[in-house]
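2 protein chains.
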Amino acid sequence: MSRHVIGVDLGGTNVRGALFSENLEVRNRLKRPTHREEGGYAVVDRLVALVRALCNEAGTSVSNLAGVGIAVPGPLDVTGGIITSAPNFPDFTNFPLKRLVEETLGIGVHLENDANAAAYGEFRQGSGRDAHSLIFLGLGTGVGGGIVLDGKILRGAHGVGGELGHIILAADGPPCGCGNRGCLEQWASATAVVRMAKEALESGEPSVLAGRESLTAREVFEAAGGSDELACRVVARMAHFLGLGIVSLCHVVDPEVVAIGGGVSESVDLFLPRVRKFVDEQVFPAARGKIKITRAELGDDAGIIGVASLVRNAG
Amino acid sequence: MSRHVIGVDLGGTNVRGALFSENLEVRNRLKRPTHREEGGYAVVDRLVALVRALCNEAGTSVSNLAGVGIAVPGPLDVTGGIITSAPNFPDFTNFPLKRLVEETLGIGVHLENDANAAAYGEFRQGSGRDAHSLIFLGLGTGVGGGIVLDGKILRGAHGVGGELGHIILAADGPPCGCGNRGCLEQWASATAVVRMAKEALESGEPSVLAGRESLTAREVFEAAGGSDELACRVVARMAHFLGLGIVSLCHVVDPEVVAIGGGVSESVDLFLPRVRKFVDEQVFPAARGKIKITRAELGDDAGIIGVASLVRNAG
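Each protein sequence line maps, in turn, to chains U and Z. Per this note's numbering, residue 1 is the first one in the first sequence, and the count goes up by one each step. Per this note's numbering, residue 1 is the first one in the second sequence, and the count goes up by one each step.
If you are wondering where the hints come from, they were derived from the structure by calculation, not from laboratory data. For every residue, glycine included, the Cβ atom is placed at its ideal position computed from N, Cα and C. Treat the hints with care, as some may be off.
Stated by the list, open to error - Restricting the straight-line Cα-Cα distance to at most 30 Å, the calculated cross-link-like pairs of lysine-lysine (DSSO-like) are:
(1) U:K152 <-> Z:K290
(2) Z:K152 <-> U:K290
(3) Z:K292 <-> U:K152
Claimed, not checked - Quick list of simulated restraints, FRET-style, between CB atoms:
(4) U:R274 <-> Z:E281: 29 to 39 Å
(5) Z:K277 <-> U:N56: 47 to 57 Å
(6) U:K152 <-> Z:R288: 22 to 32 Å
(7) Z:E25 <-> U:G106: 52 to 62 Å
(8) U:D269 <-> Z:G226: 36 to 46 Å
(9) U:A236 <-> Z:P174: 19 to 29 Å
Just chain U, same shape as in the assembly (with noise of 0.2 Å):
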């Protein structure tokens, strides 16, 4: 019997999937748009669709399959399938997505949020590999968080543990989406990084990114490697900030590795640096210069792999 896996990732504009083999490394990869304007229900049979079509180009079926794993955004009840609250998804609000999918299939799936995922697929396959902790920050839109202690996700008895783009850096601080201000996505994710862009942009200072009709953290970086002086104090200003969320962190849960992912990764080179110097001088001195600071290795694929694991591990 088969052993493979398919792993999902469920993005606000993609669904990717892909089938691993038995020693969970990728045979085919499909892509395609989620249209979620569709509707949950339209989402699942797409994902189907997706599942199938994977099984078909590898030359197996479904019911050989050992599980499927769904990675998705927002929290949820991973016992129940449940995804309670997707901030992209509205649809999907309390929606019982691992029980359509497994009555349509007719095999296992597991569920878990997307940024438990890629901290998971780090953990196993990437810059934790050799680790027995790791914390993972996703860098993007907003900043999602993972955590992996002892070969564990860390999900917390509500489902909300490892949200770490909102742990609180600065009370009073930029408004935050969840409520609360001057959580840590408010200072490291693109978002973020364009925001204070803007703000520093209102002075009339001088700047490569002066006058532009819209701005992407992306200019913003390239700025900076430009040696823009705004767009530096810009990344400065993120990097301090991450540095803090990590010392914070690390004054809780004390990781080997913390890696950092998500779209924001690309320009890691731009602020990695100041980011460890920072940790190795204000963390616990039993932890300075121990804790691995690295960009995430698995790139996008991090999600996949991560829930692909996660149905191995539990077959």
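Guided by the hints, dock chain Z onto chain U, whose structure is given.
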């Protein structure tokens, strides 16, 4: 063979110990001054004498004990049994306490950070005895912390896990002894309550606390209990930041129980309702109303019960 266990709390002022029965009930207790100014070896001698005296009183001998647990301040290397840095015991930096006591007594010794020990005690016999996860916050001169997940203390990869007094809540807040600013300890400790009261008194605002030569946190809480406006504001501020800290911790650990201990917890009625309300409003929706925030139940005994339980569970 007796399965008695001794738990000892090595405090800055006193060494407190108790001998526990098979089922971890206190048989007898002793308390003696630490006299830390006499140095590490003198303290070891006193600790050893205390253990022997507890055995004598109980009509048993040291060789009949299942082991001795010692709760000590400061981060430590639990495996090696070495206190790495104890702010209140400068003599004890890299001090091999476990080995020295083991060699002298000829039985196994388990060392644990005092706040971790208190967390474990609360988890086993106190406010967390029916839960799977607990965070302990000891609000005293400083703020100690401990995390228990699925019956295990989260010590971290370098022994600085659960140092919850040093999560950062206000990046530009008051400087902290740890080298950062705005740590939880700077808002929720007895020291912080006194500092905030003194700052408020400087404005000349009338208060029953005005003009006192020295001021204690207890006096501030008493004044707040008597509806002194300035004192009430200070306690509200303390409660606000304690709430922020708990929200932040829930987004990392998401425990079933948050137990508030330490001297400040005697005044828990004056701030806990506010803290609970804040957390229930500000934590992620999936956890609202579900996290039990409560006064720790074991008082000063949490640490000795915790280390005794650790010895029992290891034996």
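Results of checking the hints against the structure:
With a C-alpha separation of about 23 Å, the suggested pair U:K152 and Z:K290 falls inside the 30 Å cut-off, and the hint holds. This hinted pair checks out: Z:K152 and U:K290 have alpha carbons roughly 23 Å apart, not beyond 30 Å. Between the alpha carbons of Z:K292 and U:K152 the distance comes to roughly 24 Å, so the proposed pair stays at or under 30 Å and holds. Checked against the hint of 29 to 39 Å, the C-beta distance between U:R274 and Z:E281 comes to roughly 35 Å, which is consistent with it.
A hinted range of 47 to 57 Å holds for the C-beta pair Z:K277 and U:N56, which are about 55 Å apart. Taking the beta carbon of each, U:K152 and Z:R288 are about 25 Å apart, inside 22 to 32 Å as hinted. For the hinted restraint 52 to 62 Å between Z:E25 and U:G106, the CB-CB distance of approximately 54 Å keeps it satisfied. Between U:D269 and Z:G226 the beta carbons are some 59 Å apart, a value that contradicts the proposed interval 36 to 46 Å.
Range check, U:A236 to Z:P174: Cβ separation about 24 Å, and the 19 to 29 Å hint holds.
Hint compliance for this structure: hint 8 is the single one not met.
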